[in-house]
Amino acid sequence: MTAFFEDIAVGDEIPAFVRKTTFMEWNRFAAVNEEFVYVHMDDEAGRAAGQPGAFGMGNLRWAYILNALRDWMGDEGEIRELTMQFRAINQKDDILTTSARVVEKSDDTDGAALVHLAIDVVNQDGKGTSPGRALVAVPSRTRASARSGQ
Amino acid sequence: MMEEMTTLVTPQMEASKGVWHSFERSFPIAASDIRRWAIAAYWGAMPPRLFWDDDYARTTRWGGIVAPEDFNPFAWQLPRDLTEEELRLQGAIPGEETRQGDNILNGGQADIFGARMRPGDVISSRSRLTHWEEREGRNGLTLYTFNETEWTNQNHELVKSRVLTLIHY
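These protein sequence lines map, in sequence, to chains A and B. Here this note's numbering is used: the first sequence runs in plain steps of one and ends on residue 150. Here this note's numbering is used: the second sequence runs in plain steps of one and ends on residue 169.
The following block holds chain A by itself, in its conformation from the complex:
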């Protein structure tokens, strides 16, 4: 699937990426990112840090937002910027759902068609855990495409 600039409207919500986060998701991600931090592996360490137990990595929520953006844009799109604040903890067995809404469309100086999005990762209680924003370049049917592959 490819998202074309002309087909995108301010206010559009992109499809969500959803995962229940158990130790299976956490440990696989920790293994590739070598993110072996006690509070992400050990309930005692999580409690010592003031949480109910071990808690999830912000970088996994970051990955989930990138997944959602890619799945929506297709492989011809390009993620240029991403900003996220980790406002709430990802507890074990949380069901995380990404949220991304188009807030602006613009042009870059190189002719790329840019889409600005407000993003978040929401838990099963409807609480936003990771607000932020993203900037992506998408193909256009009518103008110069996003900068060539590099």
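The set of hints was computed from the structure by calculation and includes no laboratory data. From a predicted model like this one, the values you see are computed outputs, not experimental measurements. Warning: the hint list may mix true and false statements.
Which stretches of chain B does chain A cover? Using the computed rule of at least three CB atoms under 8 Å from a CB of chain A, they are [unchecked claim]:
| hint | segment |
| --- | --- |
| 1 | 9-21 |
| 2 | 24-32 |
| 3 | 37-50 |
| 4 | 99-106 |
Pair by pair, the computed Cβ-Cβ distance ranges are [stated by the list, open to error]:
| hint | chain 1 | residue 1 | chain 2 | residue 2 | range |
| --- | --- | --- | --- | --- | --- |
| 5 | B | Pro79 | A | Gly128 | 23 to 29 Å |
| 6 | A | Thr2 | B | Met46 | 33 to 39 Å |
| 7 | A | Gly128 | B | Glu134 | 37 to 43 Å |
| 8 | A | Ala31 | B | Arg58 | 49 to 55 Å |
| 9 | B | Arg58 | A | Gly111 | 31 to 37 Å |
| 10 | A | Val103 | B | Ser161 | 33 to 39 Å |
Computed list of chain A residues with no C-beta within reach of chain B, every gap over 10 Å [stated by the list, open to error]:
| hint | residue |
| --- | --- |
| 11 | Ala31 |
| 12 | Ser140 |
| 13 | Arg141 |
The beta carbon of each residue, even a glycine, is placed where N, CA and C say it ideally should be.
Got chain A sorted already, so can you dock chain B onto it with the hints?
Just chain B now, kept in the frame of chain A:
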């Protein structure tokens, strides 16, 4: 009774403010590193072919396999002795008394992505502490540090610029 700390800012922080450090160079990125990363990040579903199928990836604008934007080429560097400061950045350790400031959370990050990472790329990294803020929070005295990291590839192209916020309490 434990003495109340008045600041979590250390002399080492004052001395290192704005100074680039932690110069590192990655091992060459392997296609299997990228594939494993994508499998973990998408666990529960098939990851995109762009990350593991070179025949497909060659048909895209990228001309071959590229890594996910968040791929970390510095995972699994050879281990080395850590400094005391680096050990503290590991966060609370089970069974050991936690000093004020030893608890660390990732407060957020802001990335600008440049050239895509590809199999064979060698990435260079450097970091610096740009500034900090300290205030009373719900966990007592809390320090926010802002750390900038730049990655460049072997062609001296910027791969990523990140500002990371760490919360120390």
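Do the hints match the structure? See the list:
no.	hint	in the structure
1	9-21	violated (count 0)
2	24-32	violated (count 0)
3	37-50	holds (count 9)
4	99-106	holds (count 3)
5	B:Pro79 <-> A:Gly128: 23 to 29 Å	37 Å, violated
6	A:Thr2 <-> B:Met46: 33 to 39 Å	19 Å, violated
7	A:Gly128 <-> B:Glu134: 37 to 43 Å	26 Å, violated
8	A:Ala31 <-> B:Arg58: 49 to 55 Å	29 Å, violated
9	B:Arg58 <-> A:Gly111: 31 to 37 Å	25 Å, violated
10	A:Val103 <-> B:Ser161: 33 to 39 Å	23 Å, violated
11	Ala31	7 Å, violated
12	Ser140	13 Å, holds
13	Arg141	15 Å, holds
Checked against the numbered hints given earlier, the structure breaks hints 1, 2, 5, 6, 7, 8, 9, 10 and 11 and satisfies all the rest.
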